[in-house]
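Q: Chains A and B, in that order, give the protein sequences.
Counting with numbering that gives the first Met the number 0, you get residues 0 to 149 for the letters of the first sequence.
Counting with numbering that gives the first Met the number 0, you get residues 0 to 758 for the letters of the second sequence.
These aren't lab readings, by the way, just hints derived from the structure by calculation.
Warning: the hint list may mix true and false statements.
Below, simulated DSS-like cross-link-like pairs (lysine-lysine); rule was C-alpha separation at most 25 Å, straight line [claimed, not checked]:
#, chain 1, residue 1, chain 2, residue 2
1, B, 71, B, 298
2, A, 67, A, 27
3, B, 446, B, 298
4, B, 271, B, 53
5, B, 436, B, 630
6, B, 241, B, 116
7, A, 27, B, 71
8, B, 116, A, 17
9, B, 398, B, 422
10, B, 750, A, 17
11, B, 71, B, 116
12, A, 27, A, 52
13, B, 422, B, 436
14, B, 693, A, 142
15, B, 162, B, 274
16, B, 53, B, 298
17, B, 693, A, 109
18, B, 580, B, 545
19, A, 27, B, 274
20, B, 162, A, 52
21, B, 750, B, 446
22, B, 283, A, 27
23, B, 298, B, 283
24, A, 142, A, 27
Among chain B residues calculated to face chain A with C-beta under 7 Å, some are [claimed, not checked]:
#, residue
25, 15
26, 691
27, 693
Ideal Cβ positions, reconstructed from N, Cα and C, are used throughout, including at glycine.
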Amino acid sequence: MQVEFILNGQRIELAVEKNEFLAEALRKAGMLGVRQGCNTSSCGLCTVWIDGKPTLSCSFLALRAAGKSITTIEGVQTEAKEFAAFLTAQGAEQCGFCSPGFIMTVLAMKRELTTYSEEAIIHYLAGNLCRCTGYMGQLRAVKAYLGVTE
Amino acid sequence: MKIVGTSVPKIDGLAIATGAPVYTDDLALQHALVIKILRSPHAFAKITAIDTSKAEGLSGVACVLTYQDVPKVRFTLAGQSHPEPSPFDRLILEQIVRYVGDEVAIVAAVDEATAVKALRLIKVEYDVLEPVLDFVTAEGHASVIHPEADLRCNFDIGLHQDKNIAASHKVEVGDVERELAQCDVVAEEIFFTQAQAHAMMETYRSFSYLDHTGRLVVVSSTQIPFHVRRQLALALQLPASKIRVIKPRIGGGFGGKQTGAVEIFAAIVTLKTGKPAKIVYDRKETFISTSSRHAARVKVRLGADRQGNILAIDIQALTDTGAYGEHAPTVLGCIGEYTLPLYNKTKAVRFMGKAVYTNKMSAGAFRGYGATQGTFALESTVNILAEQLNMDPTEIRLKNIIRAGETHLTGHGEALGSSTLDKCIAKGKQLIGWDDKYPRTVVGTNKVRAVGMALTMQGSGIAGIDTASAEIRLNDDGNYTLLLGSTDMGTGSDTILAQMAAEVLEAAIGDIIVTTADTDIVPYDPGSYASSTTYVTGTAVINAAKVLRQAILQQGAEFLHHAVEDVEFDGKSVTTLDGAKTISLPKIAELSVLGNGKLQLVGTATFGGEVSPPPYIAGFAEVEVDTLTGKVELIDYVAAVDCGTVINPNLARIQAEGGIVQGIGMAMFEDVKYDPAGRMQSDSFMQYKIPCRKDVGRIRVEFATSYEPTGPFGAKSIGEVVANTPAPAILHAVYNAVGVRVQNLPLTPEKVFLGLQNL
Chain A
0 MQVEFILNGQ RIELAVEKNE FLAEALRKAG MLGVRQGCNT SSCGLCTVWI
50 DGKPTLSCSF LALRAAGKSI TTIEGVQTEA KEFAAFLTAQ GAEQCGFCSP
100 GFIMTVLAMK RELTTYSEEA IIHYLAGNLC RCTGYMGQLR AVKAYLGVTE
Chain B
0 MKIVGTSVPK IDGLAIATGA PVYTDDLALQ HALVIKILRS PHAFAKITAI
50 DTSKAEGLSG VACVLTYQDV PKVRFTLAGQ SHPEPSPFDR LILEQIVRYV
100 GDEVAIVAAV DEATAVKALR LIKVEYDVLE PVLDFVTAEG HASVIHPEAD
150 LRCNFDIGLH QDKNIAASHK VEVGDVEREL AQCDVVAEEI FFTQAQAHAM
200 METYRSFSYL DHTGRLVVVS STQIPFHVRR QLALALQLPA SKIRVIKPRI
250 GGGFGGKQTG AVEIFAAIVT LKTGKPAKIV YDRKETFIST SSRHAARVKV
300 RLGADRQGNI LAIDIQALTD TGAYGEHAPT VLGCIGEYTL PLYNKTKAVR
350 FMGKAVYTNK MSAGAFRGYG ATQGTFALES TVNILAEQLN MDPTEIRLKN
400 IIRAGETHLT GHGEALGSST LDKCIAKGKQ LIGWDDKYPR TVVGTNKVRA
450 VGMALTMQGS GIAGIDTASA EIRLNDDGNY TLLLGSTDMG TGSDTILAQM
500 AAEVLEAAIG DIIVTTADTD IVPYDPGSYA SSTTYVTGTA VINAAKVLRQ
550 AILQQGAEFL HHAVEDVEFD GKSVTTLDGA KTISLPKIAE LSVLGNGKLQ
600 LVGTATFGGE VSPPPYIAGF AEVEVDTLTG KVELIDYVAA VDCGTVINPN
650 LARIQAEGGI VQGIGMAMFE DVKYDPAGRM QSDSFMQYKI PCRKDVGRIR
700 VEFATSYEPT GPFGAKSIGE VVANTPAPAI LHAVYNAVGV RVQNLPLTPE
750 KVFLGLQNL
């Protein structure tokens, strides 16, 4: 089936299976920054934005993307690199496999929250698992990026 | 030191963080065949009939392989130096299947949907056998899991096939029974540690193809490219010269990728079909059909005098290696090897144990590698002993720990090169607020806070075995290429090894191209495991860089028509001591490769450690326990770390924080569980919980640096030691809070609650 949507600001048409999830479709479309760590909506690696909202693309049917605006990390490279500099300054990317999904969530949080506290940050990011870093370095990076000093 | 000791960001950090396509699946050829595996639904069975005709007839299917199609040569998937200690007890596919999830058939098709469809068309009949599911009763069970006549070991590991014993081990110095009988106090306890899943974010995956000369190229998310090449050569009966293994960036390993999980399937499909093929395990396959930490039962007896001198240590272990024996003898041995040397005022010590086969997924290497299991048992028992002696747990340790310059009974008289473990204890105590908080504080009507602690050690590479080579080359335009076989799995080893080379050559990090983990290109390295890369590969890098530095001096002197003694090198140019004549590094490089030098400058070195210097950690936990529900909240965790010189403080800190959180997961949440028929129940992140950022409280890491005389710039390892203290420290804290001593991990609210009710 054909599905048409906006991908990183450009209209595209993709051939997808009716049972295909968006994460796979996006990877087929060359968005290899979209990673998958599970297929049970548990890990947050596949986070992309759908109409600006962070969404787990591993459990979102590709067909449902019709008419929507999808943003992957490839579409926000400047901003992603800006935050990634804070992340790498802590060494908190480690294996990097979860980083794109994590960064998409951090950038969405920056837009969505009006004030940033440590507690609010941890709560917002709780759905993004990381097996390498132990989360402390990520928190240091996010706080530095957002200018949170508490 | 200019670069060593600074927090250089990872050289690959920005790219991998922002989604660069540099991992195995990103690099796979677009039209590669997709491989799926048909797995056994039975824990133990013999295939009596297998019909693949319908699957083979399906349009788009390239091949269907069964046990009849594979070489009949047994091998091990354990990534270990030759001769591998692990038993050669596997075939690629076999008529006997030994756990739910064991491979029955390999299917390759043009796409995933076709491959999955083909799996359903394979008809298999089984003679179902009685499985062995409880490792405590595996020895001497009526079912013999490995009855095959062609199982073999490279040397005696105490394997007894007929009794389901994969390995056995004993080391004793002095007479433990006699010493224990004479001790004033003996603490004795049995502990159980569970199987733990690595749960690295990038699941297992590999793809392969034949290159322009018909050689097999395998690109894999692995920690052990050279070992994978050897495994493939044996299992596929192919000369190693016909195989090239490449490791791109990988999404975590933690020891899981020290066992070759999937390479063999892609490789055999490529060989049979001549076509590129890839295999990507989903999360469920990663949980049920790869490897985990060895579950263990560890019994400890500690004898001491009234003054708290620990005089005898006896550790007896039983580990569950599952269906195959990958890492069985060595993980078993490490339970004793990385615990007995902690306390050295002893008159006698003993470690003995067995690893048994069961009809469950094979265990394997996992960060900590036996030390984790042994530390949990030993340190929990030290805490019991302290209580029996009415001593502060930190005091009994300060009284008994090994110090730099001292020996220990199982150490063959070798004096310890470095340790600041005493400082670690002091630092950790202070940070956690031990003197104010030990043992407990009631903070509400049903809330109690308490602290607990544990020590640990690990090694730095495997003494006498791990041997790594490094090559560094001066390129035509004056920069360097560092060629290494070590496998950065996110740890940052490529970066810290470049820091070491840069330090020696007085170069900038950006002047060093780091090329790693391609068996066609780089010199041999066993791979990144056993806490070896900083210490073993690092020393090789330093030595290689020194050789190159000397060669640059020599070449520069010749170009300047001076003796080598009359010139110096500052990283940028070679200059005569009087400053009169100078030649820049790019000029030396240029003249060497294409001018009148005619000698491209290369430094190579090979290093293997004669010793394996232990890093140390003192870990301290503060918990809050709800006395009504048994719920435990981790408030604060402090780790004071002695890893020698810290090569890159940020990266070392992240290693420590990450390892601690894996330890916290093992202590409080993670549990590989099976149903009564042997099917793994914890096969997704829904059923298998790894810590999320809300579960871990605050973690603080402090370094108490020592200088290891045999280490690169005085460094020791950091990668594994960090996983070991959380379980004993957290359980100690819970005991101090509410008097409930949980002896079987993980510590769940249910266990604490039942303990509170004395049930």
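Q: Compare the structure with each hint and give your call.
A: Cross-check of the supplied hints:
1. 71(B) - 298(B): Answer violated: residue 71(B) to residue 298(B) is near 40 Å, above 25 Å.
2. 67(A) - 27(A): Cα-Cα ~18 Å, so holds.
3. 446(B) - 298(B): violated, 32 Å
4. 271(B) - 53(B): holds, 19 Å
5. 436(B) - 630(B): This hinted pair holds, its Cα atoms lying about 20 Å apart.
6. 241(B) - 116(B): violated, 33 Å
7. 27(A) - 71(B): violated, 38 Å
8. 116(B) - 17(A): Within the cut-off at roughly 16 Å; holds.
9. 398(B) - 422(B): holds, 13 Å
10. 750(B) - 17(A): Violated. Residue 750(B) to residue 17(A) sits at ~46 Å, over the 25 Å cutoff.
11. 71(B) - 116(B): violated, 28 Å
12. 27(A) - 52(A): Roughly 22 Å separates the two Cα atoms, so the pair holds.
13. 422(B) - 436(B): holds, 20 Å
14. 693(B) - 142(A): holds, 16 Å
15. 162(B) - 274(B): violated, 43 Å
16. 53(B) - 298(B): Between residue 53(B) and residue 298(B) the Cα gap is close to 53 Å, so the pair fails against 25 Å, i.e. violated.
17. 693(B) - 109(A): The hint holds at about 19 Å.
18. 580(B) - 545(B): holds, 23 Å
19. 27(A) - 274(B): holds, 20 Å
20. 162(B) - 52(A): Violated, at about 58 Å.
21. 750(B) - 446(B): Holds, at roughly 17 Å.
22. 283(B) - 27(A): holds, 22 Å
23. 298(B) - 283(B): The hint is violated at about 33 Å.
24. 142(A) - 27(A): violated, 35 Å
25. 15: holds, 3 Å
26. 691: holds, 5 Å
27. 693: holds, 5 Å
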